[in-house]
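Each chain, letter by letter, is given below.
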Amino acid sequence: DARVTQTPRDKVTEMGQEVTMRCQPILGHNTVFWYRQTMMQGLELLAYFRNRAPLDDSGMPKDRFSAEMPDATLATLKIQPSEPRDSAVYFCASGLGQGAADTQYFGPGTRLTVL
Amino acid sequence: GQSLEQPSEVTAVEGAIVQINCTYQTSGFYGLSWYQQHDGGAPTFLSYNGLDGLEETGRFSSFLSRSDSYGYLLLQELQMKDSASYFCAVRDQGFQKLVFGTGTRLLVSP
Numbered sequence: 003d004a005r006v007t008q009t010p011r012d013k014v015t016e017m018g019q020e021v022t023m024r025c026q027p028i029l030g031h032n033t034v035f036w037y038r039q040t041m042m043q044g045l046e047l048l049a050y051f052r053n054r055a056p057l058d059d060s061g062m063p064k065d066r067f068s069a070e071m072p073d074a075t076l077a078t079l080k081i082q083p084s085e086p087r088d089s090a091v092y093f094c095a096s097g098l099g100q101g102a103a104d105t106q107y108f109g110p111g112t113r114l115t116v117l
Numbered sequence: 798g799q800s801l802e803q804p805s806e807v808t809a810v811e812g813a814i815v816q817i818n819c820t821y822q823t824s825g826f827y828g829l830s831w832y833q834q835h836d837g838g839a840p841t842f843l844s845y846n847g848l849d850g851l852e853e854t855g856r857f858s859s860f861l862s863r864s865d866s867y868g869y870l871l872l873q874e875l876q877m878k879d880s881a882s883y884f885c886a887v888r889d890q891g892f893q894k895l896v897f898g899t900g901t902r903l904l905v906s907p
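Those protein sequences? They're chains A and B, same order as listed.
The numbering of the first sequence is the working numbering, which starts it at 3 and goes up by one.
The numbering of the second sequence is the working numbering, which starts it at 798 and goes up by one.
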């Protein structure tokens, strides 16, 4: 049963700490998306990659967020330093080919709480 | 840019049929997607309409009218497990990314 996995599932940290979230896309999928979801802002796209290359990270606060794909099976989203306003659920999604954006498979999410 | 409008909440009873509408404004259009999200869960892909007309998948159907910039998701034979949030989404012109609506919370009662 192919699915996107994310770790950790829950993270509680203190303001100023570094947070790293990891995502393993579905094997063979070449497009990876990072989203953030809050009650106030809904589902926001932070960044996405195709064939490991970053195509758009305009949704990310550049000064503290960074996203990478060290290899085809791992995507990371890092926040340094973290702030309370970063508290949200972070989803990774993956897709394949030209239809990747239209048909995305989401991971279970990482619930981040910054105190 | 893109903007999507959908009702914030819809209520219905088990066994009924409910329609969730979505209107959009886009500078370009490729298709309309629908996702379901249960409380505490992740969005799950339901359907995609790239052309006008109706797409049917079991109890769920999705419709698109590109001339009206309008689509809807139709849920038939509602079950309690259909209580969830439903998001419509369109692809941003020139990019391989989706813009999501604010979601419609569906409450199914016995």
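Just so you know, the hints here were simulated from the structure itself, not pulled from any lab data.
These figures come from a predicted structure and were not determined experimentally.
Don't be surprised by glycine CBs; every beta carbon is placed ideally from N, CA and C.
Check the hints yourself; a few may be wrong.
Per label pair, the in silico range of CB-to-CB distance [as the list claims (entries may be wrong)]:
#, chain 1, residue 1, chain 2, residue 2, range
1, A, G61, B, P804, 22 to 30 angstroms
2, A, M17, B, G850, 15 to 23 angstroms
3, A, L117, B, L851, 42 to 50 angstroms
4, B, E874, A, E20, 21 to 29 angstroms
5, A, P83, B, L851, 45 to 53 angstroms
6, B, F826, A, K64, 45 to 53 angstroms
Structure versus earlier hints, numbers of those that do not hold, lowest first: 2, 4, 6
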